[in-house]
Every structure is written in C-alpha cells, then in structure tokens.
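Student: Residues per chain are reported as follows:
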Amino acid sequence: MLDAIGVPGIDDLFDEIPATLKDVQLPRVPAGAREMEITRLMQARAAQDGRWSSFIGAGAYEHYVPAAVWQIVTRGEFYSAYTPYQAEASQGTLQLLYEYQSMIAGLTGLDAANASLYDGASALAEAVLMAVRLHKSSRRVLLPASLHPHYAATVRTIVSSQGVELVTLPWCPQRGTLALQALDGLDDHGAAALVIAQPNALGALEDVHALTDWAHAHGMLAIALVNPVALALLAPPGQWGARGADIAVGEGQPLGVPLSAGGPYFGFMTCRGAHVRQMPGRIAGRTVDATGAPGFTLTLQAREQHIRRSKATSNICTNQGLVVAAATVHMALLGPAGLQRVARASHAGLQRLIALLRPLGVRPRFAAPCFHETVLDLGVPVQPVLDAMRERGILGGLHLAPWSGELHEALLVCVTETKTEADLDDYVQAMSAALAHARHPA
Amino acid sequence: MSTLIFERSRPGRCSAQLAPAELACPGIPEALLRQAPPPLPEASELDVVRHYTALSQKNFSIDTQFYPLGSCTMKYNPRAANALAMLPEFLARHPLAPAATGQGVLACLYELQEILCDVSGMAGVSLAPMAGAQGEFAGVAMIRAWHRSRGDHARTEIIVPDAAHGTNPATATMCGYAVREVPTDRSGNVDLDRLRAAVGPQTAGLMLTNPSTLGVFEQRILDIRDIVHAAGGLLYYDGANLNAIVGQVKPGAMGFDVIHVNLHKTFSTPHGGGGPGAGPVGVAERLLPFLPVPIVLRRERPGAAPAYVLAGESERPHSIGRLSAFMGNVGVLLRAYVYARMLGREGMGRVAQFATLNANYLMVELRNAGFELAYPARRASHEFIVTLKRLKDQTGVSAMDFAKRLLDKGVHAPTTYFPLLVPECLLIEPTETESKETLDAFVAAMKAVLEEARTNPELVKSAPHTMPVRRLDDVKAARDLDVAWKT
Numbered sequence: 001m002l003d004a005i006g007v008p009g010i011d012d013l014f015d016e017i018p019a020t021l022k023d024v025q026l027p028r029v030p031a032g033a034r035e036m037e038i039t040r041l042m043q044a045r046a047a048q049d050g051r052w053s054s055f056i057g058a059g060a061y062e063h064y065v066p067a068a069v070w071q072i073v074t075r076g077e078f079y080s081a082y083t084p085y086q087a088e089a090s091q092g093t094l095q096l097l098y099e100y101q102s103m104i105a106g107l108t109g110l111d112a113a114n115a116s117l118y119d120g121a122s123a124l125a126e127a128v129l130m131a132v133r134l135h136k137s138s139r140r141v142l143l144p145a146s147l148h149p150h151y152a153a154t155v156r157t158i159v160s161s162q163g164v165e166l167v168t169l170p171w172c173p174q175r176g177t178l179a180l181q182a183l184d185g186l187d188d189h190g191a192a193a194l195v196i197a198q199p200n201a202l203g204a205l206e207d208v209h210a211l212t213d214w215a216h217a218h219g220m221l222a223i224a225l226v227n228p229v230a231l232a233l234l235a236p237p238g239q240w241g242a243r244g245a246d247i248a249v250g251e252g253q254p255l256g257v258p259l260s261a262g263g264p265y266f267g268f269m270t271c272r273g274a275h276v277r278q279m280p281g282r283i284a285g286r287t288v289d290a291t292g293a294p295g296f297t298l299t300l301q302a303r304e305q306h307i308r309r310s311k312a313t314s315n316i317c318t319n320q321g322l323v324v325a326a327a328t329v330h331m332a333l334l335g336p337a338g339l340q341r342v343a344r345a346s347h348a349g350l351q352r353l354i355a356l357l358r359p360l361g362v363r364p365r366f367a368a369p370c371f372h373e374t375v376l377d378l379g380v381p382v383q384p385v386l387d388a389m390r391e392r393g394i395l396g397g398l399h400l401a402p403w404s405g406e407l408h409e410a411l412l413v414c415v416t417e418t419k420t421e422a423d424l425d426d427y428v429q430a431m432s433a434a435l436a437h438a439r440h441p442a
Numbered sequence: 001m002s003t004l005i006f007e008r009s010r011p012g013r014c015s016a017q018l019a020p021a022e023l024a025c026p027g028i029p030e031a032l033l034r035q036a037p038p039p040l041p042e043a044s045e046l047d048v049v050r051h052y053t054a055l056s057q058k059n060f061s062i063d064t065q066f067y068p069l070g071s072c073t074m075k076y077n078p079r080a081a082n083a084l085a086m087l088p089e090f091l092a093r094h095p096l097a098p099a100a101t102g103q104g105v106l107a108c109l110y111e112l113q114e115i116l117c118d119v120s121g122m123a124g125v126s127l128a129p130m131a132g133a134q135g136e137f138a139g140v141a142m143i144r145a146w147h148r149s150r151g152d153h154a155r156t157e158i159i160v161p162d163a164a165h166g167t168n169p170a171t172a173t174m175c176g177y178a179v180r181e182v183p184t185d186r187s188g189n190v191d192l193d194r195l196r197a198a199v200g201p202q203t204a205g206l207m208l209t210n211p212s213t214l215g216v217f218e219q220r221i222l223d224i225r226d227i228v229h230a231a232g233g234l235l236y237y238d239g240a241n242l243n244a245i246v247g248q249v250k251p252g253a254m255g256f257d258v259i260h261v262n263l264h265k266t267f268s269t270p271h272g273g274g275g276p277g278a279g280p281v282g283v284a285e286r287l288l289p290f291l292p293v294p295i296v297l298r299r300e301r302p303g304a305a306p307a308y309v310l311a312g313e314s315e316r317p318h319s320i321g322r323l324s325a326f327m328g329n330v331g332v333l334l335r336a337y338v339y340a341r342m343l344g345r346e347g348m349g350r351v352a353q354f355a356t357l358n359a360n361y362l363m364v365e366l367r368n369a370g371f372e373l374a375y376p377a378r379r380a381s382h383e384f385i386v387t388l389k390r391l392k393d394q395t396g397v398s399a400m401d402f403a404k405r406l407l408d409k410g411v412h413a414p415t416t417y418f419p420l421l422v423p424e425c426l427l428i429e430p431t432e433t434e435s436k437e438t439l440d441a442f443v444a445a446m447k448a449v450l451e452e453a454r455t456n457p458e459l460v461k462s463a464p465h466t467m468p469v470r471r472l473d474d475v476k477a478a479r480d481l482d483v484a485w486k487t
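Sequence order for the protein chains is V and P.
Taking this note's numbering, the leading residue of the first sequence gets 1, the next gets one more, and so forth.
Taking this note's numbering, the leading residue of the second sequence gets 1, the next gets one more, and so forth.
Hints are computed from structural coordinates only; laboratory data are not their basis.
Please note that the accuracy of each hint is not assured.
Claimed, not checked - Pair ranges (Cβ atoms, derived):
1) P:Q394 / V:Q25: 48 to 56 Å
2) V:K22 / P:A197: 27 to 35 Å
3) P:D226 / V:Q25: 50 to 58 Å
4) P:P302 / V:H440: 31 to 39 Å
5) P:H229 / V:E406: 45 to 53 Å
6) V:H437 / P:S314: 27 to 35 Å
Said to hold, decoys possible - Below, computed lysine to aspartate or glutamate pairings styled on EDC-like, alpha-carbon distance capped at 20 Å:
7) P:K486 / V:D111
8) P:K409 / P:E452
9) P:K436 / V:D111
10) V:K311 / P:E157
11) V:K311 / P:E346
12) V:K22 / P:E346
Note that the Cβ used here is the ideal one computed from N, Cα and C, for glycine as well.
Chain V extracted, bound-state conformation (with noise of 0.2 Å):
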C-alpha cells in the first residue's frame, strides 16, 4: 500500500504536519491490556459497585425491561448502523423512528413527535426555547420551583446565554404543588410559557387542567414535563384544560432503559401540528418512493443545523437513536394493557408502602395525590436513617435537604413494579430499626 501511494513509511503519510507538534508520548494512558484481561477488570469493578434494593427516582427510574429489547436493538444492524442520512439503505431505522414518533405522540395525546432529544432535562430546555420562538413577544418563562433541580440547572446553562429570563413559582407548602393563587398574584403575566411537570419533582400531581388554561388565559405556552409510564394512568398533556399543552417534554429512560448510572437516556418531545416547523432535532416522515410505493426520510431537513447553520433551530446533530429503538420495542411488547400494568403497579406499591409506614409516624410531607413517588417526612435526620438502611443493602430514597432547606427531614421515596410485598416488608423492617435508633440512640 504504501508503494501504490509512492513514500517510504507509514510517518511520510503525516509530512504535511509540522514536525515539531509530533507528540506520540502518552504517559497517562495506560499498556493496551487484551479483551480477556479488561473483562476481569470491568467484572470486578462492576461486582465492586454491587446490586442494591432502591427506593430512589427523582428522576430515573427503575422498571422492569424484557430480554427481548436489548438484545433486539443491540443487532449490528440497528448498534452499527449511522444517522439515516441515505434513506433507501436505512429504512430499518427510518421506519422505527416513525414508529416510535407515533407511540410517543399517542401517549402523549399530541400531533407530532421529533426522533428525540439527549435527555429530559435538555429536552425541556429545547422546549423552552422553542416556546419562546413561537411566542415571538417574550423571552420570560415560568418554572416552578418543585421541577427538580437538575432539570432547573441545565434549562439554566442551555437557555441564559440567549437572553431567556426564567422565573420560579414557588410550591404550596400543604399540598406540594404549584399555587394557583400565587399564579395570580403575579405582578406581570407577560411570560411565553409556564412548565408544567406531572408529577412534579416531589411526587404531587398537579392541577394540570387548570394550569393549563390559567397559561392559555394569559396568552401563554403551556409546556408539559411528563412522566410516560405515569401517562399510561394519567391524563395526556394534548387533553390538559380546554385546549391541552401546546408541547410536552419528558425522560424517556422509564420505557426500556437502564439506569446505567444516568445515561445514556433519551429525550422525548412532542407538539402541535401547527407547531412542528419550529420544533428541534431530527424527526423520520413517510413519504413514497419513485414508484409511488411508501417508504421513510428524514423530513423537515431545513430546520437543522447542517442546512440552516447559524439559524437552525438548535445545534443538536444526533438523536438518541439506540435507545429510542429500545424504548419503541419496549413498548410494542408491553403494549397499551401492559405499561398500564406497569403504572398500576407501581402506583399500587407506593400506597402500600405509606400504609405500612404510617404505624411508624412516617407520613407524606404533602396532601397533593401522588404516582409512584412522594416526600416523606422521618422527624429525625434522614441521612443516619439512610446509612443504617445502606447496611441492609437497601437504598432507601433520596435525602431532599440539598434540594430545599424546607425538606431538611425530608425523603423522596419511589415505588415500581419491580418491588414485591417482600421488598416492601424488608424496606419497612429497615427503616423502622432504624427509626428505633435515631429516636432512642443506645
């Protein structure tokens, strides 16, 4: 090879670099070690970390994810395969995007669907963005202050550079969910949109329907943030209020994917037909072919960044393709019956649990309704209670007070189906020893 293109050594390919940037030192990275030698390494770092029973959501959640998903999507044709760029040699792709678009907007009660965003969080500062171009008269948006933090953060760092100002709403204290008093005690109603989350970062449902006709009534986007395995039980944001959110936004992670640590995840968005042009990211279309038989593209081209540029809609180059293929098998095996098990289930074992803490004088800290995660108020500091359930292999929520320091004795507690009434027993026998301790130290 290296006659055919005419020099002496594989260096001489790399002459037209100047000599003095050759550094080929890399003293941070370590000897190559073969598959055999890191696979003990990962296994025994993995074994490390250890498998736990988890009581924690905010956020992400653990569902039970059929066999079948990964080992699907994980096909070299759908793991090694790039963005649908040449439709004709994609179609696999291309098809189960459309298909996903369409489960996504179903549940979602909306008219379209992108192919999705990085994650949740970035999902809702996209949208945010997007409602602030189509309302074209103001850059204010209303964030209530029970979105969780995270999610708060990073619209924060994606939207401030482009002159959005963000203002937070404060919770009821009783009930955990936005005031509709203090909404209207607003000094200027002139934001392009309110955030809507169901549940909230707390675990509270909202009064979705009359927030999203107060957004509406004052000329507002609403923005739903949604849960989809909670939209299996709950009213889809395209039927909130009289005219239902305009976009709904949301962690795809609950539908077939793992953990994993925080990612990856997937990003979900939908909107109102008539709003689809000013939507981000990449979105698959049936069309038909050349000989009038139907096919899939990616449509909508003209928004994106590698034809408008400086004036695409946002920057975002991929979508989470992999993982959305997961959660479109996922749902498709559970299907309609089976992810409403799943929300049932979840929402069943959650009431279980506070029923059987209740004898301990643990309590939800809020009256609002809830789904699979609420607040519970300990009355003693929560993170020796966690600690000594750690020791059990439990881990048993998440201590709130870096989130407020309102919820300093606070533990927001999820529920799934993955949990039987035997986790649920060892959960309580846990908390209530430890209980015992805090209360009376030895």
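Let chain V serve as the given structure and place chain P on it in line with the hints.
Tutor: Then chain P, alone, in the frame of chain V:
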C-alpha cells in the same frame, strides 16, 4: 415499507410477561386520569421480535457493509465494549445512589478523564456533554464565561471557516454569538489574510477542525493560533477528525484552548442509528474552573483506597453548569473506556497511522481509476474528497445519483454535498479497521458506477434499484407531512 407494528396489532393480544394486574387507583382523582388506554400496538412477543428483526435487516451498518462515510469515522465497534458496559451492576446503578456504592464505575470514568486529557494535551476534561454538538456548546459557553470573568463584554463574534460542520455556527448562535465566516484558500487551508482581517476586539474565538473537513491538515495552524490569540480570542478544536491524529499530535500542542472529542468517532462507541454519542470537553489550564459539571474527582485517603466523587455546582461555582439531569451518557463513556484500555498507549498512534494509510491508498487508487480529487496536491488525512463536477457536466449524473448507485453495489455511500464549498463532492473516510481487500473492492465498485454513468447514465440517475425502496420523494415528505401514524 414493512407493515407498521400498529397494523399488526390485534385487540387483546399481548406479551405473557406483564406486571401483576392492579385494577384500581384509589389515590388519584378521576379528572387527572386518562380516559382511554394509550394507543400502543397490541402484539405478542414473537410478533414484536419478528417485526423489529425484519426492520433491522433493512439497514446498512458497519457490521454488514463497508461504510466510508466521510467525517463520521465509521470504524468497527468492538463487541467487548458493549458487553462490558452492559454488566448488570452497571446497568442497575441509579445515578443518584451514593458515590460509595459506585466506586467501580466512577474509577472507570475518572481514568477515562485522564486518558482524554493525555490524548488531547489538555489540563482537564469533563465527560458531561452527551454529544459532539453539546460538547461544542459547552466549549463555546466556557469561552464566553472566560471573557466575562475578565470583564471583557465586547467580544460578540465567533469565527468559523466556511468548511466547518453546521454544528459550529449553530452552536455559536446558541451561545449568543454572531458568526463570522472566513474562506478557505485554493490549497484547502484557512485564508490567513482574510482571518487577519476578520479578528479584532470583537472576536471571542475561532472554531476549527484539524485536519479540516476538506481532508487535509491545516498546515499553518501555529500562525492561526498566533493571529487569534493576539486578538484576544480563544481557539476551539472541533474533535470530529481526531481519528486522523490521535496518538500522533495533541490538539493542546497546536495551541487550542478548548476541545471536544466525539467518542462515537475516535473511541469507537456505536453510532446506534443516530446516537447516543458522547462529546467530552477538554480545556487548557486557564479554563479549568468553567468545565461543565459533574466532574469525577479522586480523593486520596491515607491507609485506604482512593475515593471517587462527583463534583457538582456547589463544589465548582464557576462552572458553566449542568448539561443533563445526571452524568451524561455513562454507558457510552464506559464503552469508550474499554476501547481505550484495549488499544492502550501503543495502540492509539496506530489508529491514526492506519486510518491515514487507508485513506491515502484509497485516494491514489481512485485517482488512478479516473476520479478527480478536490485537493490533488495534498496528502490525505484520514479522509479525502472526490469531486464529480466534471462527470455531472458530461453525463448529468450527480454526486447524489452516484451515491445511490453505490448502495446497489453493496457499500454505503460516502458523505455527499459536504463540505459545501466543493461541488458534487464525495467525502470518503475508510477508517483504520478496513482491510486492503475491502478497499480494493470499493475501488472496483466506484469504477463500475463510473463506467455505468458514462454508458448508461439513466441507470445511475434512477438508482437505487436493489434497496427495499426506490429513491424517496423528500419534497413530498416535507410538503405532505406525515410524522405519526393515525388510525
């Protein structure tokens, strides 16, 4: 088109693996409940497995075809990386579980930060960005934060070469900057005179890919560095083409202040039909405080193993902030870590060597086969450009037609119509994992299509002929928008 999964749906059909039936939801008011079940398909497990397996078979992929897609680095994705990132304990780990229960995964991430620091020649790395474009966003946001930290609010422009990826100008806009484009000279380098004229007190920075998207190394990179730095701007390295120089040249040595690395390119994590990727960012010393969070820190403990922790905004008050709810695309990061460990320090440089060797061999063979090169006087980096302008003038066969006909020959098409400044271009990147036999077969396929274009242009213009569908109508797709199935 295959039958849609919705059209396979039959009322009441379902998988056997359902959660227990819980009929009532006593805690939730009726008004908040859904009135009708969600419109998802009802299918058996076999229906679903067969449907999606059949769909997969309608894709080209690295595992099934040569995929010389320029600027995308479609190299083999080792299976071990997938298997080891999907060990059950890693998959089960909750992102907010205590750090003490995740020392194994955090050790991997910390070591990946170290590896990327070394390879990029940077002082620090954050793994937070979830894709190349998000890495770009983080990088430009850090440039902005740095200028502001010095009270310099006059810098309102980001400079990008006309050959840049579309994400560069789109990113600058997202970060609140105006975009100024500088042209490329005839040899494929940035036009230095025009760059000198473009910089000034309004310049926040320059975004550059090197080797550039034209498939050549920017020879006067040190002059570019001096021009931008002298004007008070910073230099951003778009790591899209790092595969060409990994283990040979470090972007830090070229004077770059910020870099993002596409792990789904150089570190061989899968493209997955469009994602997920990962776009870690590295920075020079002066930008360290601004790195996006979380960052993995290693704390030495006397008499015990070191402890790894995630540092967030409270520990890093000058950070540009969070880019995701949790810790970026950890599963992708683990795949990149495994890949980097298997390559090792001695393997990194070989990647660039063999990627460059394959590209230059292919370039020479295609030239000998009668193809016109965009930059015939230049050495190829890991990729190069063929222009079909003359062929189009002679036969009417466009780069698009040519690409579609290549699909019929069983190879994925190169990148077409990018970069925008070379007419009727094919950007070809073979990568280091392909054999000489594969490259020779590709040359044969290219020659065959060239011959067809001359003797039977209609055959090429109406390609593809052997794919699951014929050429698709993109205009209709945008005009009669159908993006979701309805009953």
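Student: Look at each hint and say if it fits the structure.
Tutor: Hints and how they fare:
At roughly 51 Å, the beta carbons of Q394 (chain P) and Q25 (chain V) sit within the given window of 48 to 56 Å. Distance hint check: the CB atoms of K22 (chain V) and A197 (chain P) are about 31 Å apart, consistent with the given range 27 to 35 Å. Checked against the hint of 50 to 58 Å, the pair D226 (chain P) and Q25 (chain V) fails, with Cβ atoms roughly 25 Å apart. Distance hint check for P302 (chain P) and H440 (chain V): the Cβ-Cβ separation is about 35 Å, which falls inside the suggested range of 31 to 39 Å.
Between H229 (chain P) and E406 (chain V) the C-beta distance comes to about 49 Å, which sits within the given range of 45 to 53 Å. A C-beta distance of roughly 29 Å is found between H437 (chain V) and S314 (chain P), which places it inside the suggested range of 27 to 35 Å. Among the hinted pairs, K486 (chain P) with D111 (chain V) is consistent with the structure: their alpha-carbon atoms are about 9 Å apart, no more than 20 Å. Of the supplied pair hints, the one linking K409 (chain P) and E452 (chain P) holds, its CA atoms being roughly 12 Å apart against a limit of 20 Å.
Distance check on the hinted pair: K436 (chain P) and D111 (chain V) sit about 50 Å apart at the alpha-carbon level, beyond 20 Å; violated. Of the pairs offered as hints, the one joining K311 (chain V) and E157 (chain P) holds, with about 15 Å between alpha carbons and a cut-off of 20 Å not exceeded. For the given pair, K311 (chain V) sits about 43 Å from E346 (chain P) by alpha-carbon distance, which is inconsistent with the 20 Å threshold. Our distance criterion of 20 Å between C-alpha atoms is met by K22 (chain V) and E346 (chain P), whose separation comes to about 15 Å.
Checked against the numbered hints listed earlier, the structure breaks hints 3, 9 and 11; every other hint is satisfied.
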